Amino acid sequence: MSTHNDYNFAFIDENAKKEIRRSILKAICLPGHQVPFASRELPIARGWGTGGLQVTLAIIGPDDVLKVIDQGCDGSVNAVNLRDLIHRTTGVPTTFETAQASIIQTRHRIPELPLREDQIIVFQVPIPEPLHYVEPSIEKATAMHAEKDYARMWVSLYEDIVNYGSVTIGASYPVMVHENYIMAPSPIPKWDIAKLNMANCLHLFGAGREKRIYAVPPYTRVEPLQFEDKPFKKEDFSGHVCARCGAGDSFLDEIFDEASGGKYWVCSDTAYCDSRIQKEAAV
Amino acid sequence: MNEPVISVEGLEKTYGEGCGRCGECTGPDYNTNVCRYCGSVIALKDVSFELYQGEILGIVGESGSGKSTIVQCLYFDLEASSGLARLFPYDRGKANILTLPQSRKRYIRNHLMGMVYQNPLLGLKGYFTSGGNIAEKLLTADIYNYHNIRTRSARLLDRTEVDLEYMDRLCRTLSGGMQQRVQISKALANNPPLLLLDEITTGLDVSVQARVLDMIKTIQHELMISMIVVSHDLGVIRLLTNRTMVLKKGRIVEHGLTDQILEDPRDAYTQLLVHSML
Amino acid sequence: MNVLQVQSLSKNFVMHIRNDMSLCGFADVSFSLDEGEFLGISGPSGIGKSSLLKCVYRTYIPSGGTIMYTRKDGTAVDLASADEHEILALRFSEIAFVTQFFHVIPRVPAFDILMGELTMRGVDPEEAKDIISENLTRLAIPRALWQMFPSTFSGGEKQRLNILNAVIRSPRLLLLDEPTASLDPETRNEVVALLQTLKKKGTSMIGVFHDHETMKRLADKEYSFAQEMEAVR
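Residue numbers (my numbering), protein chains in the order written: chain A, 1 to 283; chain B, 1001 to 1278; chain C, 2001 to 2233.
It is possible that some hints are incorrect.
[Claimed, not checked] Distance windows between CB atoms, simulated: (1) B:Gln1102 to A:His132: 15 to 23 Å; (2) C:Asp2020 to B:Met1224: 37 to 45 Å; (3) B:Gly1064 to A:Asp229: 47 to 55 Å; (4) C:Gly2122 to B:Ala1095: 30 to 38 Å; (5) B:Arg1021 to A:Leu25: 52 to 60 Å.
If you're looking for bench data, these hints aren't it; they were derived computationally from the structure. Owing to the predicted nature of the structure, the values given are computational and were not obtained by experimental measurement. Just so it is clear, CB atoms sit at the ideal spot from N, CA and C, and this is done for glycine as well.
Throw the hints in and build the complete structure from the sequences for me.
In structure tokens:
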């Protein structure tokens, strides 16, 4: 497939890319802080990953290798369409293998394989404001961030423990970045939260509908909000392994088997699962 | 007893442009707040007072006299137009707290002052539990241990006679009297040296009123906390306060020891007020 | 040692809401009071006896004259012109007033009211309990009433509670406005004995009495308004 020459490289025009890159740079300088940007119209609808897509299009160059995943899967519709769009407007090679990619655009997962310093992961974010549920006004929430006024956020965790015995937030668990800003890590599972902490790679977050960009640079402390005596717990898959590759150390999806009426578990990260099967076959 | 906690000089609150002649046509002598030259409302003018440690100061006056405006300006709910307010536990009284940046004001609200509003749901979040509301205050003091928060909240609620069974109920489902107690607990959570009470017994029935007044008095004895009590009820003022300021049309018309104000009022308006008492 | 020196004290009231009508409370009162001394004030109703006490306590602001009070530490202050904080501090630690009316927060038990008076002044709660029990017993307030609200008390019981409220703090200067007005002879004797004990410990007192007999038993000297006012006229 060749590049569509009627469009600029990476679809959006150079001035727009510059504006997005400036926002990205500012975001990197203020880890966890949401920087507004002028979200552009794209050939996909808002809410389908336009934030992540604009970030990727602004940073991608001819030498990059691209990987796009949706909930850990390279082959789902959203991932396929975004990968096609980026590939057809840039001509950069794409890959399913985490280790091969220089840019990974993702929806709601971080790959199991630890990322390196020369890799950038771009998150698609639906709701960038972690205080959204305790303070509906964006103006007030912005002031709360500025003054590190997070007591109410903590109260929401407190109330969860009072009512349910533990914090019930599943995806997008609020994290404290560099002991400074509370950040929504996009709806990744709690399983992936630890991967953000002191990571080797750069994390960029784009919210197209909400027009916000934020970042977690490499080697930045990222910690889930937790009471000293109520430690944060990630998902527990003990007793289950992947039905395909047998992995017991990855984030598993629970699948209902219509044929048998039972349940089985498989790796959410398809590339990780495939690589394990290939290795097994090679041996 | 002999240290001031807060001193206020020339506190002023104007709604509107103000014109330089506002002062000469408003106030108790003219029986109006509205400047006849520029139409501005002079809600407060030339309000000065000092409050000493352990003292309870009453502010009385008719509706619209500006008595609530004073505490709202001091608690930064309203922005004062001008004036100097020094809070001695803050930076040893060197700063004018009225002109501090927002973040410093928030610090003072959370740690050095407590406010109890007439409407409890102004001071509480109805969608949080009683315990959660108090936790919010404790969390501003960086207490991140769930167990400690629970035990401290329980102790605070106990002091204002809130049964433990109400600790995990949503505030908006509690009765007015119960909400008022939770609000007082919350205001006291971080042991502020100054407590502001704005018409706190006005909406309560008399039996609850008596309990709340006794509670306030007991807490004051125990903690030797300074308080400003705003009320239009001279009975409340007599039972709670040591000193009283009488306000009319945004100015202080008389101030003195509470028993002196009630028994030997010198200003015409105060005399009217006192002799109208039931 | 001199505690109080009142010089040419006068009080008049201006009623603004009655066409600035002026009322004379009393005029040109002078007396002095030593430590442990009791000054009785006598005279017909409405002559200004209570007003005089209220001026000393600063419930009334005197119109003229001075009230020099010597503090425990020997320093002197003019109660007629001292600032409010100063007066409050003295009321807290040295001067008490038994008024004719007893204002307390409703629905607080009598015992707790007295407890509050002592504990807020730093008395150990256990010790305070003993002091209060002893005094309540002494003034024959039935034990059943101790945990009751003063609003349920009879006039005499209320009055005794009012006296105790001031006496248990052992003030240096005690002002008494008709403290035995509605008491039967037996409890009156108890009150007199209680005040005598306090007096022996060094408390100076000024008392207004209707009942000349009781006053004679307590007072070291007397200030008679009737004669003085005659003299003024």
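Comparing the hints with the structure gives:
no., hint, in the structure
1, B:Gln1102 to A:His132: 15 to 23 Å, "holds (21 Å)"
2, C:Asp2020 to B:Met1224: 37 to 45 Å, "holds (42 Å)"
3, B:Gly1064 to A:Asp229: 47 to 55 Å, "holds (50 Å)"
4, C:Gly2122 to B:Ala1095: 30 to 38 Å, "holds (33 Å)"
5, B:Arg1021 to A:Leu25: 52 to 60 Å, "holds (54 Å)"
Checked against the numbered hints given earlier, this structure breaks none of them.
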